[in-house]
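Trainee: Chains as they are written, first to last, in our numbering: chain A, 1 to 137; chain B, 1001 to 1106.
Simulated from the structure, these hints should not be mistaken for lab results.
Remember, it's a predicted structure, so these values are computed and weren't measured experimentally.
Where a beta carbon is used, it is the ideal one built from N, C-alpha and C, also for glycine.
Treat each hint with caution, since some may be false.
[What the hints assert, rightly or not] Quick list of in silico lysine-lysine cross-link-like pairs, BS3-like style, CA-CA up to 30 Å:
1. B:Lys1103 x A:Lys88
2. B:Lys1103 x A:Lys56
3. A:Lys83 x A:Lys112
[Claimed, not checked] Sample of chain A residues facing chain B (criterion: CB under 8 Å; computed from the structure):
4. Ser19
5. Ser20
6. Val35
7. Gly78
8. Ala80
9. Met106
10. Gly125
11. Leu137
[As the list claims (entries may be wrong)] Facing chain A, a subset of chain B residues (Cβ under 8 Å, in silico):
12. Asp1024
13. Leu1025
14. Met1026
15. Asn1045
16. Thr1051
17. Gln1071
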Amino acid sequence: MLSEFIVEGGDFTRAGSASSQIKKILKNLNVSPDVVKRVVVALYEAEVNIVAHAFKGVIYADISNSGIKLVLEDEGPGIADIKMAMTKGYSTASQTVREMGFGAGMGLPNIKDNADRFEIISNVGKGTRLTIEIDFL
Amino acid sequence: MVNGRIVCGESRREEIVEYAFASDLMSDVLTVRNGNFIMITGLANVQSVRTAEMSDVPFMLLCRNKKATEQMIEVAQENNLLIIESPYSMFRCVGILYNAGLKPLF
């Protein structure tokens, strides 16, 4: 099952709505609560990253019997130094993002911790593509 | 104990909670794997409620006299989240609840 969600950059009132919808879908499919939590925590952090840093983005969620593959593609500034971005505590977030309770450099490392497979590809000035795979079994 | 007022999720008021986690940083809350705790925060925007939703956290204490916004209450109701508002500081809330027996997660 393939679902698609549009994410608008800067719109913090709606940040998390895609993650919320995917949580409901996974609960309806009787995926175990521990796995659902890993999926939605990783996805929510990634969704907030698009809102915080990019102009806009799309989330593709591909759910099969064995797991979920999430691809998040955004149009934005990209990440100049992925190694630094993966370091806990490193962040380039604005004051607005910090006022929302994010931007402390915890997001990408936490996404990786929750994922079974994780990939990040970025083109500076163009955007970022994040792939998160989590197995159900 | 914290001079609190329940603003939504009244149906959960008799439930028992054993653990608490206090933070204004939602990314910190999202690193906690266990979800069965009360989240104590001064962050009164929809992202604190979304964080509780994603983390499967059933209870939230809003301290420092912060008020839950309409949008927060709407999302909280969708997710059966109990929210209590307290006029006390986070330090005071945490001290009172720790003395009353609520346990830290780590």
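Trainee: For the hint on Gly125 (chain A), just tell me whether its beta-carbon gets within less than 8 Å of chain B.
Mentor: Because about 26 Å separates Gly125 (chain A) from the closest Cβ in chain B, which is outside the 8 Å limit, the hint is violated.
Trainee: Was the hint right that Thr1051 (chain B) lines chain A, CB cutoff 8 Å?
Mentor: holds, 7 Å
Trainee: Grab the minimum C-beta distance from Met106 (chain A) to chain B and call the hint holds if it beats 8 Å, violated otherwise.
Mentor: holds, 4 Å
Trainee: Return the status of the interface hint for Met1026 (chain B): holds when the least beta-carbon distance to chain A is below 8 Å, violated otherwise.
Mentor: Because about 4 Å separates Met1026 (chain B) from the closest Cβ in chain A, which is inside the 8 Å limit, the hint holds.
Trainee: Going by Cβ atoms only, is Ala80 (chain A) closer than 8 Å to chain B?
Mentor: violated, 21 Å
Trainee: May I ask you to test the interface hint for Val35 (chain A) with respect to chain B, counting a Cβ-Cβ separation under 8 Å as satisfied?
Mentor: violated, 12 Å
Trainee: Next item in the hint list is Ser20 (chain A). Is there a CB on chain B closer than 8 Å to its CB?
Mentor: Holds, because the Cβ-Cβ distance from Ser20 (chain A) to chain B comes to roughly 6 Å (cut-off 8 Å).
Trainee: Does Lys83 (chain A) pair with Lys112 (chain A) here, judged by a C-alpha cut-off of 30 Å?
Mentor: With a Cα-Cα distance of about 13 Å, the restraint between Lys83 (chain A) and Lys112 (chain A) holds, given a limit of 30 Å.
Trainee: Does the alpha-carbon distance linking Lys1103 (chain B) and Lys56 (chain A) stay inside the 30 Å limit?
Mentor: Distance of about 41 Å is beyond 30 Å: violated.
Trainee: Given Asp1024 (chain B) as an interface hint, is its Cβ closer than 8 Å to any Cβ of chain A?
Mentor: Holds: closest Cβ of chain A sits about 6 Å from Asp1024 (chain B), inside 8 Å.
Trainee: Min Cβ distance, Gly78 (chain A) to chain B: is it shorter than 8 Å?
Mentor: Hint on Gly78 (chain A): violated, closest Cβ of chain B at ~21 Å, above 8 Å.
Trainee: Minimum Cβ distance from Leu1025 (chain B) to chain A below 8 Å?
Mentor: holds, 5 Å
Checked against the numbered hints given earlier, the structure breaks hints 2, 6, 7, 8, 10 and 11 and satisfies all the rest.
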